[in-house]
Amino acid sequence: MTLADILISLFPMGHVAEERDGLIFGRGTLPGGDPIHILGVVDQTALGVEGALALAGRVLEIAASANSDPILVVIDSASQRMSRRDELLGLSEYLAHLAKALLLAETSGHRTIGLLYGGSAAGAFIATALSTGMLAALPGAHPAVMDLASMARVTKLPIEVLTAKAETTPVFAPGLDNLAKTGAIHAIWDPARPLSDQLAELLTSPAGDDCRAQLGLDRGGRPKAAAIAARVIAEARRG
Amino acid sequence: MTALPSGLSWLEASARQRLAALLDPGSFAEFIGPEQRERSPHLRLFDLPEQFDDGMIVGRATLCRTPVLVAAQEGRFMGGAFGEVHGAKLTGLLRAAALLGRDVLILFDTGGVRLQEANAGELAISEIMRAIVDLRRAGNRVIGLIGGRAGCYGGGGLIAGCCSALIVSEQGRISVSGPEVIETNKGVEEFDSRDRALVWRTMGGKHRYLIGGADGYVADDPAAFRAATQSALGRSPGLDLSMLHAEHQRLTRRLARFGNARDGTDVWSTLGIADPDAIPGLADDDFRHLADACREVADDAR
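These protein sequence lines map, in sequence, to chains R and Y. For the first sequence, our numbering gives the first residue as 726, with consecutive numbering after it. For the second sequence, our numbering gives the first residue as 4, with consecutive numbering after it.
Keep in mind the hints are simulated off the structure, nothing from the lab. Hints are supplied without guarantee of correctness; some may be wrong.
Calculated lysine to aspartate or glutamate pairs in the EDC-like style (CA-CA distance at most 16 Å, straight line) [claimed, not checked]:
id : chain 1 : residue 1 : chain 2 : residue 2
1  : R       : 890       : Y       : 50
2  : R       : 881       : Y       : 183
3  : R       : 890       : R       : 872
4  : Y       : 189       : R       : 872
5  : R       : 881       : Y       : 50
If you anchor each label on the Cβ, the simulated ranges turn out as follows [claimed, not checked]:
id : chain 1 : residue 1 : chain 2 : residue 2 : range
6  : R       : 944       : Y       : 67        : 43 to 49 Å
7  : Y       : 275       : R       : 883       : 48 to 54 Å
8  : R       : 885       : Y       : 27        : 51 to 57 Å
9  : R       : 786       : Y       : 104       : 29 to 35 Å
10 : R       : 930       : Y       : 288       : 52 to 58 Å
11 : R       : 864       : Y       : 288       : 36 to 42 Å
12 : R       : 726       : Y       : 241       : 39 to 45 Å
13 : Y       : 67        : R       : 791       : 23 to 29 Å
14 : Y       : 200       : R       : 756       : 56 to 62 Å
15 : Y       : 263       : R       : 743       : 23 to 29 Å
16 : R       : 875       : Y       : 50        : 16 to 22 Å
Built from N, CA and C at the ideal position, the CB exists for glycine as well.
Can you build the whole structure from these sequences, using the hints too?
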């Protein structure tokens with residue numbers, strides 16, 4: 726599905742959106758007539774200091790408003806922009822600023838729903854999709870921490886060996902199904918059904934604590950994370 | 004508190020040596036210690052050695068008699084990288100701190116996500132960031148200490164960006180894309196990772212302190228980190244809309260002021276430093292004296 730198709734299926738009552746410099750900003754109308762904010766990264770754009778700052782600025786405007794309109798974050802990005810200039814300016818702070826803005830918006834009453842419909846990777850994935858309260862994805866989305874070729878270079882393992890190992894575990898290889906098994910993605914949507922219905926299902930399910938480690942356990946992608954975190958809490962409270 | 008030199012290099016020390024030298028003597032009690040042998044369940048697939056603490060040490064302690072929870076990464080094991088168990092120990096510690104109302108110290112020493120368990124590590128970083136935001140919203144501080152050999156790279160840089168205060172030494176580096184990653188993806192013309200002076204000028208402790216990317220600059224000595232940590236425990240913990248607005252102003256100003264700089268020396272010159280080429284060679288006290296007169300500060304905008 727193209728982004729235009731996706732937005733039409735999400736908002737049969739209409740939406741307005743403007744794309745600039747690989748970012749999107751807009752508003753949609755939910756089936757009940759309520760508004761929802763739209764923002765995100767499009768066209769496989771790498772997220773640099775300017776983009777992260779612009780998105781965070783919009784999120785902070787929304788968070789400061791008196792209403793509790795939800796935010797849909799659509800993502801088809803590359804990784805963070807890899808450049809000497811971005812690092813000189815402190816890209817880590819800009820990406821963390823965006824993540825904090827999204828997390829604060831969620832805790833101050835604006836539901837944040839991520840929709841991964843293309844690529845995303847590394848720091849850009851953390852600062853956008855993984856910083857929403859609930860993350861949905863469409864089939865064909867292709868998130869990655871790092872592509873297998875780069876991983877082969879860093880780990881000094883032949884790509885054939887990595888590909889074979891990827892068959893036995895979801896824990897390291899790129900791909901939507903692997904990320905979903907570790908608990909990163911709450912729901913993979915069915916493009917044959919109206920996306921508006923599937924968005925409504927997420928918006929009506931209660932917002933809550935971070936349950937991704939439990940999802941990863943239930944789906945067999947992260948066998949130990951939930952139990953280790955719980956044991957640290959138990960030992961800390963005992964003392 | 005006076006900071007008598009301890010004679011130990013923070014850069015060279017192990018994670019356990021750093022904890023012993025930083026905290027009140029005998030006060031540290033570890034959670035899920037190495038005797039429990041909670042190893043990574045994934046490294047054996049790659050025939051890689053495991054470590055009984057998975058490179059992450061967490062526990063409770065006191066610092067100048069203030070109770071804190073503390074985490075330390077061992078940069079000598081898998082480059083201090085975040086895997087499933089490694090990350091979950093820190094997530095659990097931060098959630099425990101929210102329940103107990105404790106401040107948290109994080110001794111970073113990390114290359115980022117552990118690629119052999121990349122998906123679990125990436126997600127762990129996101130869980131840690133969320134837990135830090137929740138903890139700060141509850142009114143507690145998270146202080147990051149950065150001066151290890153592995154630096155603070157990748158997702159570690161994003162976690163650092165969520166802390167309420169950062170203390171850095173000259174050797175500490177904070178960055179998302181490391182020099183090798185930029186060179187591999189964009190070519191040696193964009194970043195020559197073997198040019199160590201370039202690395203320090205772009206992401207090293209002095210540069211980060213000058214642009215307000217760190218709040219304390221200390222010598223490569225646990226006693227100096229201890230004194231600066233005690234001071235940081237007095238900072239405002241809050242993470243709310245007004246703080247994020249202030250941070251937004253701060254980062255907007257940085258981009259406007261330094262966005263055309265090509266090198267660290269251009270940034271330092273814009274700050275008003277008469278001889279920017281001399282910065283890398285300055286001794287710690289001389290540097291701090293010069294920097295404090297002209298640097299950008301974060302204060303309550305982090």
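Here is how each hint holds up against the structure:
no., hint, result
1, R/890 to Y/50, "holds, 12 Å"
2, R/881 to Y/183, "holds, 14 Å"
3, R/890 to R/872, "holds, 14 Å"
4, Y/189 to R/872, "holds, 15 Å"
5, R/881 to Y/50, "holds, 13 Å"
6, R/944 to Y/67: 43 to 49 Å, "holds, 45 Å"
7, Y/275 to R/883: 48 to 54 Å, "holds, 53 Å"
8, R/885 to Y/27: 51 to 57 Å, "holds, 53 Å"
9, R/786 to Y/104: 29 to 35 Å, "holds, 32 Å"
10, R/930 to Y/288: 52 to 58 Å, "holds, 56 Å"
11, R/864 to Y/288: 36 to 42 Å, "violated, 59 Å"
12, R/726 to Y/241: 39 to 45 Å, "holds, 42 Å"
13, Y/67 to R/791: 23 to 29 Å, "violated, 43 Å"
14, Y/200 to R/756: 56 to 62 Å, "holds, 59 Å"
15, Y/263 to R/743: 23 to 29 Å, "holds, 27 Å"
16, R/875 to Y/50: 16 to 22 Å, "holds, 21 Å"
Consistency with the previously given hints fails for numbers 11, 13, ordered from lowest to highest.
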